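Spelled out from the first residue to the last, the chains are:
Protein chains: 2
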Amino acid sequence: MHSRFPIAISRLIDAFASLPGIGEKTATRLVFHLIRSPQQASVELGEAAAELRRELKLCEKCRNVCDSAVCGVCNDSARNTSQILIVEEALDVLAFEKANGYKGVYHVLHGVLNPLEGIGPESLTIAHLIERVKGGGVEEIILAMNPSVEGEATAMYLTKQLQPFNIKTTRLARGLPTGSELSYADEVTLSAALNGRREY
Amino acid sequence: MHSRFPIAISRLIDAFASLPGIGEKTATRLVFHLIRSPQQASVELGEAAAELRRELKLCEKCRNVCDSAVCGVCNDSARNTSQILIVEEALDVLAFEKANGYKGVYHVLHGVLNPLEGIGPESLTIAHLIERVKGGGVEEIILAMNPSVEGEATAMYLTKQLQPFNIKTTRLARGLPTGSELSYADEVTLSAALNGRREY
Numbered sequence: 004m005h006s007r008f009p010i011a012i013s014r015l016i017d018a019f020a021s022l023p024g025i026g027e028k029t030a031t032r033l034v035f036h037l038i039r040s041p042q043q044a045s046v047e048l049g050e051a052a053a054e055l056r057r058e059l060k061l062c063e064k065c066r067n068v069c070d071s072a073v074c075g076v077c078n079d080s081a082r083n084t085s086q087i088l089i090v091e092e093a094l095d096v097l098a099f100e101k102a103n104g105y106k107g108v109y110h111v112l113h114g115v116l117n118p119l120e121g122i123g124p125e126s127l128t129i130a131h132l133i134e135r136v137k138g139g140g141v142e143e144i145i146l147a148m149n150p151s152v153e154g155e156a157t158a159m160y161l162t163k164q165l166q167p168f169n170i171k172t173t174r175l176a177r178g179l180p181t182g183s184e185l186s187y188a189d190e191v192t193l194s195a196a197l198n199g200r201r202e203y
Numbered sequence: 004m005h006s007r008f009p010i011a012i013s014r015l016i017d018a019f020a021s022l023p024g025i026g027e028k029t030a031t032r033l034v035f036h037l038i039r040s041p042q043q044a045s046v047e048l049g050e051a052a053a054e055l056r057r058e059l060k061l062c063e064k065c066r067n068v069c070d071s072a073v074c075g076v077c078n079d080s081a082r083n084t085s086q087i088l089i090v091e092e093a094l095d096v097l098a099f100e101k102a103n104g105y106k107g108v109y110h111v112l113h114g115v116l117n118p119l120e121g122i123g124p125e126s127l128t129i130a131h132l133i134e135r136v137k138g139g140g141v142e143e144i145i146l147a148m149n150p151s152v153e154g155e156a157t158a159m160y161l162t163k164q165l166q167p168f169n170i171k172t173t174r175l176a177r178g179l180p181t182g183s184e185l186s187y188a189d190e191v192t193l194s195a196a197l198n199g200r201r202e203y
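Line by line, the protein sequences give chains A and B.
Whatever position you read off the first sequence (first residue = 1), add 3 for our numbering.
Whatever position you read off the second sequence (first residue = 1), add 3 for our numbering.
Copies of the same chain look alike in the list, so a pair counts if it works inside one copy or between any two.
Subject to a maximum C-alpha distance of 25 angstroms in a straight line, what follows is the list of computed DSS-like cross-link-like pairs (lysine-lysine):
| # | residue 1 | residue 2 |
| --- | --- | --- |
| 1 | Lys-60 | Lys-28 |
| 2 | Lys-28 | Lys-101 |
| 3 | Lys-137 | Lys-64 |
| 4 | Lys-137 | Lys-60 |
| 5 | Lys-137 | Lys-171 |
| 6 | Lys-64 | Lys-163 |
Quick caveat, the hints were computed from the structure, so don't treat them as lab data.
All figures in this text were calculated on a predicted structure; none of them were measured in a lab.
Same shape as in the complex, but just chain A (with noise of 0.2 angstroms):
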C-alpha cells in the first residue's frame, strides 16, 4: 500500500514499522506528524537515533550501558562485588536498582540465547562474564533471566559454564507475584509457589 508514497516516507514508514508494537498504519500517522513538524523534529530524531550505538559506551565491567568508562554501580565502592546479579538487559538492571534491596554488582548479558533468531553465545556478553570471573572474588552468581523459554535456556547453559570455578549460582524465586490471585494464578507458578514453600 504505502508503495504509492515517495521514496524518502516509505522508507522512514519502513524503519518505523520494523519496530515492536508499530505496525504500518501506525508508523505512516508518525511520519506525517513528522512531515507537519517543524524539519528539526525530524532530524533531532535522526541523529539521536543514527548516534544511539555510536555514542553508547558500556561498563568495562558489568557491559551496563553508561556515559563513561565504568558505571554508577560498579564505581560504587558500596557495592557487594563479590555477588554478581546476571540480567538480560540494562532496563532489568534499573529494575533492581528501583527496587532498591540488592547491594552486589550486576552484569549485562544484552540478550538470551535464542538458536532460532541465530542468537549464539558469543552474540551474548558471556566471554566477557567468563573472564570476570576468573579475576577473582566471586562468590555467587544470581541467575535473572526472565522465566521464559529463552531465559531458562540460557540460565541453564550459563549454570554449565560457571560450573568449573565453583562458585555458588542461585537464580530467583518463581512464585506468586504479590497482589495478585490464586484462582488466576497459570499451573506452572502455582506448581513453583507450592514447590518453593517455605516454613513461617
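Given the structure of chain A, go ahead and fit chain B onto it with the hints provided.
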C-alpha cells in the same frame, strides 16, 4: 526517571516520546529494542528520519508529497484541473484516491489554522493556492478539511480569501457515515443529516 540513562539513550527516548501516541515507557522500550538489534537498524532509522525533510519533494502545483517536480495526479492529463479539492494533509489525498470517485485535482495545505499553536495562514500553502487560482481556469473549489473546529475555521478563512475570484466554493456533505447506527450518532451529526436531507 530516564535521567538515569546515558545521554545517547535519553536523547533518543525524548525524540521518540515527542511523537504522538508514544509515551516515555514505549519510547524506552523502542530504544532498548534498537540497542539489542543490529547496529544497522538504528542507523537506517536515523538516516531515514534525518533525510525525510531534505529528500521530500512537494508537487509544484498541488504541494502534495512526491518524488518528482509534479505529482502523479497533476501529471495525469485525464484529471479535471478546473476542480480543486483542498485537504489538510497528503494522507487525505490518498484517502480520496482510494475512494476512487474524484477526477479533479488537489491542493494540500499541510495543516490547519491553529492560532493557539502559532499556526497562521503563512504556515500553510494558502498563498500558493491563491497564486494557483489567479492563474485561472479554476471553476470549483471543494473544501475538504476535517470536521473539527480548526478545520471549520480554516474553511471559513479560505472561503473569505477566495471570494474575490468569484469561484464556486463547496464543502463536503455532513451526515451519517455509512454503516453507522442512528441511535449512536451525536447531536451535531444528526442535525447536519436532517438539515442536509435530500429528495429520493
